[in-house]
Every structure is written in structure tokens, then in C-alpha cells.
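Chain by chain, the residues:
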Amino acid sequence: MNAKLADRIATIVFYMIAVMIAILLTGLLGYLLYNGLPKLSWDFITSSPQVFKEGGGIGPQLFNSFYLLVLTMLISIPLSLGAGIYMAEYAKKNRFTNFLRTMIETLSSLPSIVVGLFGFLFFVIYMGWGFSILSGAFALTIFNLPLMVRVVEDSLRSVPQSQKEAGLALGVSRWEVVATIMLPAALPGIITGVILAAGRVFGEAAALIYTAGMSSPTLDFTNWNPFSPSSPLNPLRPAETLAVHIWKINGEGLMPDVRDVSDGAALLLVLVILVFNLGARWVGHLIYKRMTSS
Amino acid sequence: MKGERRLSDKESAKIWASNTKRWKERWGRTITFISVSLMAVIGISILLFVASKGLSTFFVNKASVVQFLTGLHWEPSKLDEFGKPFVGALPLIIGSFTVTVLAALVSAPIAIGVAIFMTEISPHIGKKFLQPMVELLVGIPSVVYGFIGLSVVVPFLRDHVSGSGFGIAAGTIVLSIMILPTITSLSVDAIRSVPLQLREASLALGGTRWQTISRVLLTTALPGLFTAIVFGMARAFGEALAVQMVIGNSTVIPQSLFEPASTLTSILTMGMGYTVMGQVENNALWTLAFVLLGMSLFFILIIRRLERRRIYR
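Line by line, the protein sequences give chains R and V. Each residue of the first sequence is one higher than the one before, counting from 1 in the UniProt record's numbering. Each residue of the second sequence is one higher than the one before, counting from 1 in the UniProt record's numbering.
The following block holds chain V by itself, in its conformation from the complex:
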């Protein structure tokens, strides 16, 4: 183009510098950095706050860690003959682990079965009907699950099995329905990510569909399936309200699945409103929260391990 003069490097640099562009760029970068750092700050402060509060039971109120983990007597407002509070949390810890493990045992086989049905047996029905249903179920709030548990499961157990209906069994039923959609949708992802060639190779060798599913698909997708189950367990372990509504909240180790029991979350939910900050009872509840936090970190750790073992994603 004649008549036009190309800018020299110096000139264009000058224009660039005088431009607001650079300022905008810096500004945008800073703002986004601040918001992401804020998340890190929130995460760290939650860990620190809960840890400092939770550990004060041991440091300020002089309760022993061993007693906390193995004691059977949960009554933090009272002191024993050594002046230490009764903070035996074993019944709650056992309650939490029992409902979590049982819910996973009930839910996982069904969820993985549905996932296989949706991906391998009938993708059409899976996409059209089951997928939207599972998505809808994920959205149902836990309070509603708790309420249905309270109005259907508990009376059913009371009339047809034994006891008051409140207990581990009711908690397990409610939790396993709650985590079913979570495990299902994650399992579907895991099974779908197994490459088509593996299926075709197995079928080409004369394997039946079941042989392909059981020996090729399931073994290949195993780490992914475990991840799905652990996600479900993490959800079950941290769930508070639905469990609190149906488990009965008695702080003793139950003799059967149909007697009232309690979990870390249920005692925490019930108790926090009735205690005063800084008191022993309150600190003891924060210790429960600390254990919950520790468990959810533990679940993350397991999930990370499993993710590393996944061959196909």
C-alpha cells in the first residue's frame, strides 16, 4: 500500500504502552487471581478453624484422645472423677461407619447394575428414561429423602420388623437410595470410558455379552467404579439431616440394626444449637466436626489414589 507508513517497532511499543489494554490485562489477571486465592483462603481457614476448635477438647478440656476414640459414654456436659468430660465417641463413630458401609454395600451392586444396563444392555431405554430419572434423583434434597424415610421407611420397619423403626436399618435404607444416583452416574462415566475396541475384541473372540461385561468391562473399569463407590460413601458419611431424622439418635451402641443409634453428623446437628461457645459440650461437638473433616479428606485421598490407577478415562 502506497502512502501508508509502517510503524516502527519503537512507535508501536509506545502505542501499546500508552494503551489501556495492558492495564486491563493486568487488572483482569489480578481480579481473577484474587477470586481464586479467596477460595484457597476459605479452604485453609475452614481447616484451621475446625481443627483449632476440635482439638481444644483435648488441649483445653484435657480429654484424652484414646478415650474419645474408644470410650462408650457420650455425655460431654458431665465430668468423671478425674475432672475430664465424658467424650466417648465410639458409638457415634461406629454408627457413622456402619450406615456408610451398609449403604454402600446395598447401593453399589444395584447402581453398577443399572449403569451396565444403561451403557451395555439397552442404551436406548437408558438414555430415554433412566438417565433423566437419575438426574432428577440427584437433585432431590436430602431433607426430602429424610422426610420420606420418616413417613414411609420408619413406620414400615416398626410394623413389619421390630422396635420403634428408628435405627441403623432405616438410616441405611434412606442413605442407599440417596447415594444410588451418585454412584450410578459416576459408574456410567467409568464404563463408557472403556474403549470400544476392547469390547469388540472380546466379542470377536466369541465371548458372550455377559463374558465381555464381567471379564473385560468390569475389570477395566474397576478403578473408576471404586471411585464412584467412594464418592457415594463420602456423601453418605457427611450426610446430616436425612440420617438424623431416621436414626433415632441414641448414643449407645445398638444391639441390632433396628434399635436407635446415632452418627457423628446426627449428634452434631442436634447438639450444636443447645450449647454455648467455649463450653466443654460445644468443644466436644467441634471435635466431631473435626473427625468428619478428617474423614472427608481421607475419602479425597482414596479417590486420588484410585484416579491414578485408572488406565482409561
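Just chain R, same shape as in the assembly:
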């Protein structure tokens, strides 16, 4: 075949693939929007689910998702900051560092169901926390840590070397250079990464089925005592999240409007994650602008 003709054909084929993908993606989103949008109402978002009747909402599930997210972040942000700083600043090039890298890589590639099962074995049974928000938050931390550590390490490494050297040259200790110069400079990258990780955590379900559980007790939203069993804030109560709820009702849902509830919940889930993704970019940009005053 003529080389020019082949080039033409190839170009056309590539365009077709790109168009196909664009159609597929807009189709996916359009489908979610078209089916889900009519279902989204304030009542649907705030009311409790019904088991046998139609018209139930997803209020507790939505609350659980956010509460779990907050707890997970409270645990995983300090840990990943520490681990990220060590990997970027203190880790020497030796066998041990290599081993740590392999470990982090392994953790990040574990299927989330395996992480969930480990959480079930360790937090739910061994630690005796039962199906609870706390078990779920720790399982999600394991799921989340490798990604966050990488984000922190990369952000720290992308800080110009001269800033660090300037600090060290002034006789400031290494730790202070990290805490007062490097971390603030790396902050936009870290915050962007943390928000992106939050989006991932928000949609995660497989690691939660056997840790946070598949049920949500009746919650009394006027009771804010974290030790009371009916309080939404109690970390030792089971908590079904939005993503788990979608999975569960499609497997064993008894309410007649399973489709409607799933449509609405799926759209809500995707919208929240979309907000996280856009927010990550926006916040990162904003902080960067403010810090570099450009």
C-alpha cells in the first residue's frame, strides 16, 4: 500500500477511535444524569431508606460516607505526611529503602477486597471493634496510604533544591527546614493530592463491605453524644456508605423502587466525586497563586 494512503487511513482510524471514546464517555455521564437527576430531591437526599416500601432516601448513607471520609483522613493524613517526609528527606539509597518502596508498591496494588478482608480479620474480629466506622476508617486508611505517601513524597521532591539548601546553609536543622520551608512549599501539591484521594475513598465499597458493615442503625440526628449508640457520631456503630448501599440494594434490595434509588444514589456519588476532583484543582491553583503571589 502507498505510504501516504496508509497515513490517511490511520489518521481517520485514530479520529474514529477518539470520537467513539468521546461518545462513550458522554453517553455514560448523560445516562447517569438523565436517569438520576429527576430522582434527586432534598427529601431523597435527607430521608432514611425504606426496606419494603418505595420512596426511601439515602440520608444516613450519605452522612456515613462523609463521616467515614473525615475519620479516614484524620488517620491517614498525619501518617502519610510522616512516611512521605521520611521517603523524600531521610531515606538513604540502601536495601532498607528499597524494601520500603517495594512494600508501598505492594500495598498500592493490593485488590481492595483483600484489604477489606484483612480489615475484617484484624479490626473487626481481632481488635473486637465489630462492623463499625472505626474498622472501616482503618481499612480505608490502608487502602489510601500508599497513594497519599506517593503524593507527599512527589510534592516534597518537586520543591526546588535551592530552597532547601538555603535553609540548610543558614544552619537550620534538617527537620526545621522540612517543617518550615519544604512543607509549606509543597502544600499545594499535597492538598490537591489529598482531595483527589478523598474522592477515591468516597467511592470505595469493596474494602468496606466487611469492615464498616452493610447496615445502618436508626440514627437520631439530634443526639450528638459520640458514646450513645443511636448517635450519628458514634464511631463504633455499623455504617453503610453510599457506594455500599448501591451495591447491596442491587443484590438483595426488596424495595420496589430499587432502580430509582440506585439511579439517584449513583448520580449523587459521581457528582460528589466530580466536585472533589474539580475542587482539588481549584484549591491547588488558589493556594499556589497565593503563595507565589503571581
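Please keep in mind that the hints were generated in silico from the structure rather than gathered at the bench. Where a beta carbon is used, it is the ideal one built from N, C-alpha and C, also for glycine. Accuracy of the hints is not assured; some may be wrong.
To be verified - Now the in silico label distances, taken between C-beta atoms and shown as ranges: (1) R/E252 / V/I44: 54 to 62 angstroms; (2) R/V70 / V/S162: 46 to 54 angstroms; (3) R/D154 / V/A204: 30 to 38 angstroms; (4) R/A179 / V/E307: 32 to 40 angstroms; (5) V/A204 / R/F66: 51 to 59 angstroms; (6) V/R26 / R/L254: 24 to 32 angstroms; (7) R/L33 / V/V161: 26 to 34 angstroms; (8) V/I44 / R/A179: 38 to 46 angstroms; (9) R/V13 / V/D159: 37 to 45 angstroms; (10) V/S193 / R/P217: 50 to 58 angstroms; (11) R/G27 / V/E307: 17 to 25 angstroms; (12) R/Y31 / V/S214: 30 to 38 angstroms.
Stated by the list, open to error - Some chain V residues flagged as far from chain R (calculated, every beta-carbon gap over 10 angstroms): (13) D9; (14) K10; (15) K21; (16) T32; (17) L102; (18) G139; (19) L186; (20) Q197; (21) T219; (22) P223; (23) F226; (24) Q255; (25) P260.
Since the structure of chain R is already known, use the hints to place chain V on it.
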């Protein structure tokens, strides 16, 4: 400067030692070291826990490894005439490998095509439209993919092809859409890292764009592209909920792509809640988890090999 006296080395050392700086330095180093070690501890304990639980099917319940890998009968709650449980996991293993390989076969050419479009054919459209779309798709949770599969793909297959709609085909479709953005974004990285000079040299020799892409770019970026595909396969192999929702979960080897089948993850997801710790059924499920773990380690190994072969990064 007159009137000022330089500190002697001894004096400054004294000040340095009395300072809290040094203590802070040590403290910071220790704290960060502890958090990184914690990750290593978590990793090792996951490996140990899952391995010890998973192997007890063989050591405690006396099932044979060969039977596990080649047996066709998965019913761990029942015992055969020798008092051994039926833990033939071959249908599940075949199911897992089939959906993974098929999903990669469907997804990889499209994903690499899109990646080439985004980097070589029209970087403008790529940056403006395709890139944000791919990023958004990466963020969509697997449950949502499963739900769309359940409400669109399964009824479509039922009405237009044959059977109940549940099966390998539905699983493959859902998984290939799920791993598409992963493979695409990694492929874009691989193709972008091919130096400009190589392209220019090829074009300067009179090569057309397609010749440059097919003979220079693709061959140079090949290890990177393979890495992208393996990443996608690892994701497909470990994916639990989306597959479980559409595959039908029958523990026999299906005769066609449109009959219900099952994967390691789908049986694991379904079964764990209904078994009691320490029982044979439960141990058998942990063995499935152990196989999953082994496979994800295997994928890492392949990725490492491929990374070493990459010439340009």
C-alpha cells in the same frame, strides 16, 4: 565588626548541644521513621495473615493443592468420600483469567489509540476534551460501573444476544470500560516520554506520520505500553463488586460467554458474610484471597521487569 567576638568552636558546640534543635531533629526523624515502618508492618502483616488463613485449607482441612487448582467442584461446605472438602477452584480461576484477558484485549487497542490521538494527532483536542474526560472516568467508583452494567449491559445482552445476560461477556464489557482510562493515561505518559528527536529524525527521513507512529513511537514506547496494559489487567483481576454484579456467579465453567460464570473476587465477595471464622468454607474463601494476593504480587513483578526494559522515561 569591632566589639563583637566570634564564638569559639567549643562554645558554639555547647550552644548547639543545649539547643532544642537537635532534639527536634531527632524527634522528627523518629516520628517519620515510625510512620514509614508502620506501612511496612501493615504490608507484611497482610501478607502473613492472608497466607496463614489461606493455607489452612490445605494444612488444617487437608484439601489438596492439586484438587484446588484443577478441581471443577466448588462446594467447600460439603466433604467428599475421603473427608476432604470440595474446593475445586478451577471454574473461578478460569473465570478471573478470562474476564481479565478479554477486558485487556478489548481495552488496550482502544486505549492506546486514544493515547496516540491525544499525543500525536490532535494534542489540542486531547488536552482540552479527552484528558479531563479520562480523569473523570478514573474517578467513577466501580460500584457505579457495576450498576450501569447491571442496568444497561445485562438487559442489552439478554434482549439482543442470548441467555440471561449475566456472564463473562457482561463482565468483560464492564471491566474493559473500567480499565480504559487507566491504560489510556499510562499510555499517554509512555508515548510522551519518547524524545522529540526520534520523531523529528523519522519525519526528516521522509516518513509519514503513521510510519513514525507505528515504527518509531510504538516500538520505543512498547515496554511502557505493556506496563500500562499490565496495570489495567491487575485492576481488572482484583476488581470485585462491579464484576460480581454482572457475571452471574455460577461456579461452573460456562459453555459460552453469555452464560453465568464467576471469578475469584465475586465468590469471595458473596460468600464471606455467610461463613463462620475457622470453618472449612471460610478457610476456602481465604484461599481465594490468597490466590488474589499472589496474582497481584505477580503483576507487580511483571511491571518491575517491564520498567527495567524501558529505555526512555
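Practice item. Provide an ascending list of the numbers of those earlier hints which the structure does not satisfy. Key: Hints 1, 6, 8, 9, 11, 15, 16 and 18 are the ones this structure does not satisfy, whereas the remaining hints hold.
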